[in-house]
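Using the sequences and the hints, build the whole thing.
Protein chains in written order, with our numbering: chain A, 16 to 479; chain B, 2 to 239; chain C, 136 to 363.
Simulated from the structure, these hints should not be mistaken for lab results.
Everything numeric in this text was worked out from a predicted model, so none of it was measured.
Note that the Cβ used here is the ideal one computed from N, Cα and C, for glycine as well.
Do not take every clue at face value.
[To be verified] Result set (DSS-like, lysine-lysine): computed pairs, CA atoms no more than 25 Å apart in a straight line:
{"hint": "1", "chain 1": "C", "residue 1": "LYS140", "chain 2": "A", "residue 2": "LYS97"}
{"hint": "2", "chain 1": "C", "residue 1": "LYS140", "chain 2": "A", "residue 2": "LYS118"}
{"hint": "3", "chain 1": "B", "residue 1": "LYS37", "chain 2": "B", "residue 2": "LYS3"}
{"hint": "4", "chain 1": "B", "residue 1": "LYS3", "chain 2": "A", "residue 2": "LYS23"}
{"hint": "5", "chain 1": "A", "residue 1": "LYS50", "chain 2": "C", "residue 2": "LYS215"}
{"hint": "6", "chain 1": "A", "residue 1": "LYS456", "chain 2": "B", "residue 2": "LYS147"}
{"hint": "7", "chain 1": "B", "residue 1": "LYS228", "chain 2": "A", "residue 2": "LYS470"}
{"hint": "8", "chain 1": "A", "residue 1": "LYS50", "chain 2": "B", "residue 2": "LYS147"}
{"hint": "9", "chain 1": "B", "residue 1": "LYS226", "chain 2": "A", "residue 2": "LYS30"}
{"hint": "10", "chain 1": "C", "residue 1": "LYS140", "chain 2": "A", "residue 2": "LYS90"}
{"hint": "11", "chain 1": "A", "residue 1": "LYS261", "chain 2": "A", "residue 2": "LYS90"}
{"hint": "12", "chain 1": "A", "residue 1": "LYS40", "chain 2": "A", "residue 2": "LYS30"}
{"hint": "13", "chain 1": "A", "residue 1": "LYS50", "chain 2": "A", "residue 2": "LYS30"}
{"hint": "14", "chain 1": "C", "residue 1": "LYS258", "chain 2": "A", "residue 2": "LYS118"}
{"hint": "15", "chain 1": "B", "residue 1": "LYS181", "chain 2": "A", "residue 2": "LYS25"}
[Unchecked claim] Partial selection, computed: residues in chain B whose CB lies under 8 Å from chain A:
{"hint": "16", "residue": "GLY20"}
{"hint": "17", "residue": "PHE41"}
{"hint": "18", "residue": "ASN49"}
{"hint": "19", "residue": "SER170"}
{"hint": "20", "residue": "PRO183"}
{"hint": "21", "residue": "MET184"}
{"hint": "22", "residue": "ALA188"}
{"hint": "23", "residue": "TYR204"}
[Unchecked claim] So, partial list: chain B residues that the calculated Cβ filter (under 10 Å) puts toward chain A:
{"hint": "24", "residue": "ILE21"}
{"hint": "25", "residue": "GLY44"}
{"hint": "26", "residue": "LYS158"}
{"hint": "27", "residue": "GLY176"}
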Amino acid sequence: MLSSLAAKFKNSSTKFTADLGHRAKIRTALKSYEKARNGTQSQYQDWQAARTAASTIKWEAINHLDAYLTEFVEKLTARGTKVFWASNGQEARDYVVALAKEKGARSIIKSKSMTSEEIHLNEALRQAGYEVVESDLGEYIVQLREEPPYHLVFPAMHLTRHEISDLFQEKLHTPPTDSPEELTMIARRALRLKYLEADIGISGANFGIAETGMISITENEGNARLTTALPKVHVALMGIEKVIPKLADLALFLPMLATAGTGQQITCYNSLIGGPRQPDETDGPEEFHLILLDNQRTQLLADAEQRDALHCIRCGACLNVCPIYRNVGGHTYATTYQGPIGSVITPHLRGLMDWKHLSYASSLCGACTETCPVKIDLHHHLLHNRRNAVAQQPDPAERFAFRAFAFLTRFPGLLNRLARLSRHFMPLTNAARSFLPPPVKGWVASRDLPPIAAKSFRDYWRTR
Amino acid sequence: MKINLFIPCFVDQLFPSVGISVVRIFEKLGHTVDFKEAIFCCGQPLFNGGYWEETRGIATRVLETLAGSDPVVVPSGSCAAMVKNFYPELFRKTPQAEAAVQLSERVFEFSSFLVDQLGITDLGSRFPAKVTFHDGCHGLRELHVKLQPRQLLERVKDLTLVEMEDQTSCCGFGGTFAVKFPMISTAMGETKSASALETGAEYLVSNDSSCLMHLQGLLSRQNQKLKTIHLAEVLASS
Amino acid sequence: MNSGKREDILGRIREALRVPAPRLHAEHGAAPAPLVPVQPRAWLPSVPFDAEGQLALFQKNCVQLKTDLQLVSGVEAAMKTIVNLRNAHHWTMAAAHHHPLLDQIVPALGLETQYTEERPDSKSLEKCSVGITACDALIGQTGSILLTARSAGGRALSVLPPHHLVIARVDQLVPDLPAAFELLSARYVKNYPSFITFITGPSRTGDIERILVLGAHGPKNLTVILIQ
Chain A
16 MLSSLAAKFK
26 NSSTKFTADL
36 GHRAKIRTAL
46 KSYEKARNGT
56 QSQYQDWQAA
66 RTAASTIKWE
76 AINHLDAYLT
86 EFVEKLTARG
96 TKVFWASNGQ
106 EARDYVVALA
116 KEKGARSIIK
126 SKSMTSEEIH
136 LNEALRQAGY
146 EVVESDLGEY
156 IVQLREEPPY
166 HLVFPAMHLT
176 RHEISDLFQE
186 KLHTPPTDSP
196 EELTMIARRA
206 LRLKYLEADI
216 GISGANFGIA
226 ETGMISITEN
236 EGNARLTTAL
246 PKVHVALMGI
256 EKVIPKLADL
266 ALFLPMLATA
276 GTGQQITCYN
286 SLIGGPRQPD
296 ETDGPEEFHL
306 ILLDNQRTQL
316 LADAEQRDAL
326 HCIRCGACLN
336 VCPIYRNVGG
346 HTYATTYQGP
356 IGSVITPHLR
366 GLMDWKHLSY
376 ASSLCGACTE
386 TCPVKIDLHH
396 HLLHNRRNAV
406 AQQPDPAERF
416 AFRAFAFLTR
426 FPGLLNRLAR
436 LSRHFMPLTN
446 AARSFLPPPV
456 KGWVASRDLP
466 PIAAKSFRDY
476 WRTR
Chain B
2 MKINLFIPCF
12 VDQLFPSVGI
22 SVVRIFEKLG
32 HTVDFKEAIF
42 CCGQPLFNGG
52 YWEETRGIAT
62 RVLETLAGSD
72 PVVVPSGSCA
82 AMVKNFYPEL
92 FRKTPQAEAA
102 VQLSERVFEF
112 SSFLVDQLGI
122 TDLGSRFPAK
132 VTFHDGCHGL
142 RELHVKLQPR
152 QLLERVKDLT
162 LVEMEDQTSC
172 CGFGGTFAVK
182 FPMISTAMGE
192 TKSASALETG
202 AEYLVSNDSS
212 CLMHLQGLLS
222 RQNQKLKTIH
232 LAEVLASS
Chain C
136 MNSGKREDIL
146 GRIREALRVP
156 APRLHAEHGA
166 APAPLVPVQP
176 RAWLPSVPFD
186 AEGQLALFQK
196 NCVQLKTDLQ
206 LVSGVEAAMK
216 TIVNLRNAHH
226 WTMAAAHHHP
236 LLDQIVPALG
246 LETQYTEERP
256 DSKSLEKCSV
266 GITACDALIG
276 QTGSILLTAR
286 SAGGRALSVL
296 PPHHLVIARV
306 DQLVPDLPAA
316 FELLSARYVK
326 NYPSFITFIT
336 GPSRTGDIER
346 ILVLGAHGPK
356 NLTVILIQ
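Structure follows, in structure tokens:
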């Protein structure tokens, strides 16, 4: 029996795979990414060695996470940062809402943070009566559309300029335009005042540096810099797995994140924040709060076989190369983390039985594993999730069918004869398409069945 | 030398000419070919479904039947990968762990065996046609088979190889994925077959019949003239 | 405010880590790869050994990024260049910080200039046509500018006004990212600024149909006056 989430996934997949316009749009976007990435990657003297090193650094960080987190927090608090450890989304949300209340905040500005999406922070703030504005252009657009981001890195990838123009016309009352430049300027102007007036700026963090007690934020637009420079209070939300040992590790991670994520050599702004404004600095927030979030990451940590999934630097490369993602699109996953990495970790973060279908919705082609800059064994973890799901709660009908098949393979001669017999029924299958059981029906809906050979290989072997 | 031929269940029942071609090729090279009738399936569908315990039942039979020291050649990237890469993981921390590793070292995908183990690229074949090649994902990414089929095709007389765009994209078969998520499987197959059709090739060649079965199913339904054929069948032609 | 569930989380981490994880996914039965010492310089795109080559690479990157690089022969030439920029871009008001190099050149603008040491509020900083800063280093490999809140007039000066002008000396050029991080450590290890940034080109976005647009939120124009 399919969970209702699995049924929704199937319905959404059916809808999107049938939408040829959508498929073409995503294909074009991802092909241009691929071209850029291939070009940038080929500039490396040794991309494969870089991947191995990045993987090694992450292994070191994750497998000594308690030590590095402790060092990280010590260094941060020594210079005035207030660190809050949140076991789950609720604790993190409560902290931010309480802080907003304490500060009497009226306006809050945000830069892109998938972790904040994960805990539905905006919703909680809105319900508590605070205006939260997304400053990243893609996030700003999907926020106006009241829908979740379409992709980890490119939130509005699924929209045309005309759709964005219509959106701005409706929500911002601006004149229509089909120029991406003009549309960007509209958003820039709309957000300018928000930056200047916001009481609190909320950001994410791409990395946390244990050695120096800093967070690192990677972006192109400059909205994160503004979000973390102007408001009096800066709150950053960071998953516990983001911490890396040394500052110099960024010399590898910053370019690799950009190369894998967008095909750039390095993104436009890579900023390090180590605290609120220091006494000898002329501006900057008076308070800096860092919320460290667990929210089931320690669950994934405890699964030693899949622990490397916590190495993820959220580049989105696995989404970009995944043929399933290309065909069903980001919204079909119906969860914060999409594509291969999302399919691997969501069962750990949100429950195996509810989310195992994502692990089954894969042909296991391995393109994700091949492309991952930190060498996470992605497609093999999908197999591990499948095994774990069966161990926990197998589908009785499916298990029976597989056990029957396994039993029959002890009698190859018998199977051979059964196959010979079924040849006679083959012509009927094409005619009786709609009466066939789901597995076969699924095939013949779009494909002809291969004919069973008159003489099998073992027949030939016997008689030669 | 004596070569054990592992014929995947779908090759046995649906595409026997692939197996027959492999036998002819090795015998022409002067090797003795053996086929163990006791083995029907490598167990991959169960493994991919998550039924590892049931898979061990099937795989144990394979381990026992193929015990020894002769090389095992498989004309399918996915089945070769199953035995070579996944059997060791499947049997880790079990009494058969060592046997699985030992067998793994002797298992080879067909084109990789010819080129990497026997050092042969020219089989004296002739196949006068324009063809394009699809890299099956398991062969490509699990077994790193990429150049070998091309090195073999290069030596086939009167054959023209045209590479398709997106040659390393998955065809969409993926085993039970093809029937569990048929709409996604079909969409992927459509993209792949469109790339193949664009080359203007008469034949779509691969080292994995499961991919070809899926693509041929789509092509036939669309009434396309492009025909699918296994690498072994091309190499066995003269 | 309390610090939350620190001991709970650390406890769960320690418990989880009692089971070791395989070091780099072992290639199916083979022994795991040996630990490779991390040396990014050997793997990142190569950089010429010599200063001239590095400068040429920096120039090439600036062209590709659309950073306006102005190579000048000395402070006098820089003063002429800054006036030309003022006229070309119709600057009406500038913002800057005090710095030995800037203090020689910025007055040549002859414009009302807000200095960050005087703590202007952000609304008046926003009205400035250009934010003028020094920098800690320029990076040949990527065409980046490294600066900090301590050395470049704070966090907002280089990002709020629509034009960011950097005045630097050619001996501030370092070859690559590893060198830039070495410089940061050497210079600031005893007391890091609270804000450090690597700026690589004018602000940009590709969020609309992947079409590149400059000046998304940060400066649309980035100019570097590089004094040889």
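Hints and how they fare:
For a cut-off of 25 Å, the pair hint linking C/LYS140 to A/LYS97 stands: about 14 Å separates their Cα positions. Between the alpha carbons of C/LYS140 and A/LYS118 the distance comes to roughly 23 Å, so the proposed pair stays at or under 25 Å and holds. Distance check on the hinted pair: B/LYS37 and B/LYS3 sit about 13 Å apart at the alpha-carbon level, within 25 Å; holds. A threshold of 25 Å between alpha carbons decides the hint, and for B/LYS3 with A/LYS23 the separation of about 53 Å lies outside it, so the pair is violated.
Taken as a hint, the A/LYS50 and C/LYS215 pair is broken in the structure, with Cα atoms around 42 Å apart against an allowance of 25 Å. The hinted pair formed by A/LYS456 and B/LYS147 fails the criterion: a straight-line CA distance of about 34 Å is larger than 25 Å. Distance hint between B/LYS228 and A/LYS470 is fulfilled; the C-alpha atoms sit about 21 Å from each other, no more than 25 Å. The straight-line distance between the Cα atoms of A/LYS50 and B/LYS147 is roughly 21 Å, inside the 25 Å bound, and the hint therefore holds.
Only pairs whose Cα atoms come within 25 Å are accepted, and B/LYS226 paired with A/LYS30 is rejected, the gap being roughly 29 Å. Under the criterion of a C-alpha separation no larger than 25 Å, the hint pairing C/LYS140 with A/LYS90 is consistent with the structure, at around 19 Å. In summary, the hint linking A/LYS261 to A/LYS90 is supported, as the alpha carbons are separated by about 13 Å, within the 25 Å threshold. As the CA atoms of A/LYS40 and A/LYS30 are separated by approximately 15 Å, the hinted pair is consistent with the 25 Å bound.
For the proposed pair A/LYS50 and A/LYS30, the alpha carbon gap of about 28 Å is over 25 Å, so the pair is violated. The hinted pair formed by C/LYS258 and A/LYS118 meets the criterion: a straight-line CA distance of about 21 Å does not exceed 25 Å. A C-alpha spacing of about 9 Å is found between B/LYS181 and A/LYS25, which places the hinted pair at or below 25 Å, so the restraint holds. Interface hint at B/GLY20: satisfied, since its Cβ lies 4 Å from the closest Cβ of chain A, which is below the 8 Å cut-off.
Nearest Cβ of chain A to the Cβ of B/PHE41: about 4 Å, under the 8 Å cut. The hint holds. With a cut of 8 Å, the hint placing B/ASN49 at the interface with chain A holds, because the nearest CB-to-CB distance is about 7 Å. Residue-level restraint check for B/SER170 holds (minimum Cβ-Cβ distance to chain A is 6 Å; threshold 8 Å). Look at B/PRO183: its Cβ gets to within about 4 Å of chain A, closer than 8 Å, so that hint holds up.
Proximity of B/MET184 to chain A holds as hinted, the smallest CB-CB distance being about 5 Å (cut-off 8 Å). Checking B/ALA188 against chain A by beta carbon gives a least distance of about 4 Å; that is within 8 Å, so the hint holds. Of the supplied interface hints, the one on B/TYR204 is violated, with its beta-carbon coming no nearer than about 17 Å to a beta-carbon of chain A, more than 8 Å. About 6 Å separates the beta-carbon of B/ILE21 from the nearest beta-carbon of chain A, less than 10 Å, and the hint is met.
With a cut of 10 Å, the hint placing B/GLY44 at the interface with chain A holds, because the nearest CB-to-CB distance is about 8 Å. At its closest, the beta carbon of B/LYS158 sits 27 Å from a beta carbon of chain A; the interface hint therefore is violated under the 10 Å criterion. Taking 10 Å as the C-beta cut-off, the interface hint given for B/GLY176 holds, the closest approach to chain A being about 8 Å.
Violated hints for the displayed structure, listed by number in ascending order: 4, 5, 6, 9, 13, 23, 26.
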